[in-house]
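Colleague: The residues making up each chain are set out below.
There are 2 protein chains.
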Amino acid sequence: MKIGVDVQGGDFAPQAVLDGVKLFLTETDLAGSTTLYLFGNEEVVKSYLAENDLEKYNLVVIPTEDDVEMGESPTRAIAKKRKSSIVQGIVYHQKGEIDAFLSAGNTGALLAGVMSTVKPIAGLLRPCISSPMPKFNGTYGVLLDVGLNADCKPEYLEQFAILGSIYAREVQHVENPKVALLNIGEEPEKGNLLTKATHQLLKNNPNINFIGNLEPNHLFCEHEADVIVADGFTGNIVLKEAESIYKLIKQRKVQDDFFEIFNYENYGGTSILGIDATVLIGHGHSSPVAIKNLIIHADEIARSHVRTKFKEYFENA
Amino acid sequence: MKIGVDVQGGDFAPQAVLDGVKLFLTETDLAGSTTLYLFGNEEVVKSYLAENDLEKYNLVVIPTEDDVEMGESPTRAIAKKRKSSIVQGIVYHQKGEIDAFLSAGNTGALLAGVMSTVKPIAGLLRPCISSPMPKFNGTYGVLLDVGLNADCKPEYLEQFAILGSIYAREVQHVENPKVALLNIGEEPEKGNLLTKATHQLLKNNPNINFIGNLEPNHLFCEHEADVIVADGFTGNIVLKEAESIYKLIKQRKVQDDFFEIFNYENYGGTSILGIDATVLIGHGHSSPVAIKNLIIHADEIARSHVRTKFKEYFENA
Chain A
5 MKIGVDVQGG DFAPQAVLDG VKLFLTETDL AGSTTLYLFG NEEVVKSYLA
55 ENDLEKYNLV VIPTEDDVEM GESPTRAIAK KRKSSIVQGI VYHQKGEIDA
105 FLSAGNTGAL LAGVMSTVKP IAGLLRPCIS SPMPKFNGTY GVLLDVGLNA
155 DCKPEYLEQF AILGSIYARE VQHVENPKVA LLNIGEEPEK GNLLTKATHQ
205 LLKNNPNINF IGNLEPNHLF CEHEADVIVA DGFTGNIVLK EAESIYKLIK
255 QRKVQDDFFE IFNYENYGGT SILGIDATVL IGHGHSSPVA IKNLIIHADE
305 IARSHVRTKF KEYFENA
Chain B
5 MKIGVDVQGG DFAPQAVLDG VKLFLTETDL AGSTTLYLFG NEEVVKSYLA
55 ENDLEKYNLV VIPTEDDVEM GESPTRAIAK KRKSSIVQGI VYHQKGEIDA
105 FLSAGNTGAL LAGVMSTVKP IAGLLRPCIS SPMPKFNGTY GVLLDVGLNA
155 DCKPEYLEQF AILGSIYARE VQHVENPKVA LLNIGEEPEK GNLLTKATHQ
205 LLKNNPNINF IGNLEPNHLF CEHEADVIVA DGFTGNIVLK EAESIYKLIK
255 QRKVQDDFFE IFNYENYGGT SILGIDATVL IGHGHSSPVA IKNLIIHADE
305 IARSHVRTKF KEYFENA
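If you read the protein sequences in the order shown, they are chains A and B.
Take the first sequence: its position 229, counting from 1, is numbered 233 in this note's numbering, and each next residue is one higher.
Take the second sequence: its position 236, counting from 1, is numbered 240 in this note's numbering, and each next residue is one higher.
In short, the hints are calculated from the structure, not lab data.
Do not rely on the hints blindly, as some may be mistaken.
Identical chains blur together in the list; that is why a pair holds if it fits in one copy or across any two.
[Unchecked claim] Lysine to any residue pairs mimicking SDA-like chemistry, simulated, CA-CA at most 20 Å apart:
1) LYS182 <-> LEU34
2) LYS194 <-> MET74
3) LYS244 <-> PHE263
4) LYS194 <-> MET119
5) LYS139 <-> LYS244
6) LYS257 <-> HIS222
Please read these numbers as outputs of a predicted model, since none were measured by experiment.
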């Protein structure tokens, strides 16, 4: 696999990203079969590789300039900074020179860049972004949408359920994944207009193993859903509240490794589902460990058949 | 004050409710100035009072029959079970014989009963329900709506901000309460259609001390909002996820009393705001401690000028 890494993206870039690359190369056994394409300042990247004795690994340095800043207006940045690491990464991916691209940089710019150059899968109404959601048993379900579509129609959510099911099957190797709808009551007639209508669609869709509504008071403890469906506003709210929990656990210095399931560093970020590309978004605060795990995650998705399966499903739907 | 208590409502009623009444009478100094009206099975209540030597307190027993069950259809129950504790409590409150009524019973039935007999305050578009939201410093903000209005218009949320501000001022004694809008981004242009429009209304309303959007990753740790505004769907999601956190803390046997701020027993339940009555909804699982604190909370609201202030504001708005 060829995985593109945005060396210039993130609050602690380029240092944290390069340290993450080093962890990936030296601490995983994937470095032999995967080539990293490092999009960044040539001088900085090359001297880091030399100083850390990393030149022996499968690496390609793609020189970039004109970094997109974290707070910058996304569309303007994408239009003007054509030589930036974000734009170049997307361009390389689109040309087929890399199999996946990941960035912890300006999320808006990454999304704007991807959405303006990569097509959504034919037949899909809206791409979305997904995130692992920790469960009490130490495994993760996948929650989607976590922020790409703040306003949704029931038909979008029905398709998110399909995207999530294929993702769970192809990437997480879950057979017949169980799908739940995030809602404020267990009964089908509970919820807002969106979830009430979505419940009926999911119930009647033979391609979804729908197990019903999931209330957030069961989110971490008892539920068994592999895929949790929500509109992007609600999904983002739930994701950020979970982040707040982890912060609280750290602030109170709770000594229990179990709560590390809430540490985003374990998976590094979210992936965009439903486009004809493999693009992952890292957390702005990404640490080296988070970058390492984001590369592993990208590699795993790129090696899977998830994109092909998405296309097969929606082309025939 | 005269506070009505639904002895028959709740998963562990009547035992847990009566035990909660006992805690209120014997452990607080409010029993001298407050009379409890106990709506329930006369024989059960009277023998409990005798056995526990509680007959010396200011108590009135209102005999009821035909309990509304927890899973029962709300509207049918309210229409048919006119002698039930829920219906009788509401009737007594409406006649002015009690100053507040509280129940841990069938929430739907309580709401249906209240909404069909008590008028919303003139000028208010929608009543809502509120809940305390714990903060890192050990205090609570008030979150509203937490479930009464799953689908909202921006104008509803603007009025919730007013209700919350008056509540914070009159009941929690916060001067010039800070209001935040629950949202998925800090910037005014972030969010869904509802929050984007609401942000503008809140910003331009001179009667609200609006401090901007609040993302849930700051919910427990850093924010300083006294009032947090959300539609009832999102508010309920956030409340239930917080409940899940507390369950997780308990399951993992974390020894840190700080996390007791997440224990609903501390405040017992939610209050309905914006109606010409003081009605509090307890958690279905209410323990005796939760009932005791719910009575204290009801007493506090009944003694405040919150209803008068609501009416003054909306009549003149």
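Colleague: Give a verdict on every hint.
Modeller: Hints, verified against the model:
Taking the closest pair of Cα atoms, LYS182 and LEU34 never come within 20 Å of each other, the shortest separation being 30 Å inside a single copy and 51 Å across copies. Taking CA atoms no more than 20 Å apart as the test, LYS194 paired with MET74 passes between copies only; the shortest distance there is 16 Å, against 40 Å inside one copy. For the homomeric pair LYS244 and PHE263, the shortest alpha-carbon distances inside one copy (15 Å) and between copies (19 Å) are both at most 20 Å. With identical chains, the CA atoms of LYS194 and MET119 are at most 20 Å apart between copies only, with a shortest distance of 18 Å across copies and 34 Å within one.
Taking the shortest alpha-carbon separations for LYS139 and LYS244, both the intra-copy value of 16 Å and the inter-copy value of 16 Å come in at or below 20 Å. Taking the closest pair of Cα atoms, LYS257 and HIS222 come within 20 Å of each other only across two copies (18 Å); inside a single copy the shortest separation is 25 Å, beyond that limit.
Comparing the model with each numbered hint stated earlier shows that hint 1 is the single one that does not hold.
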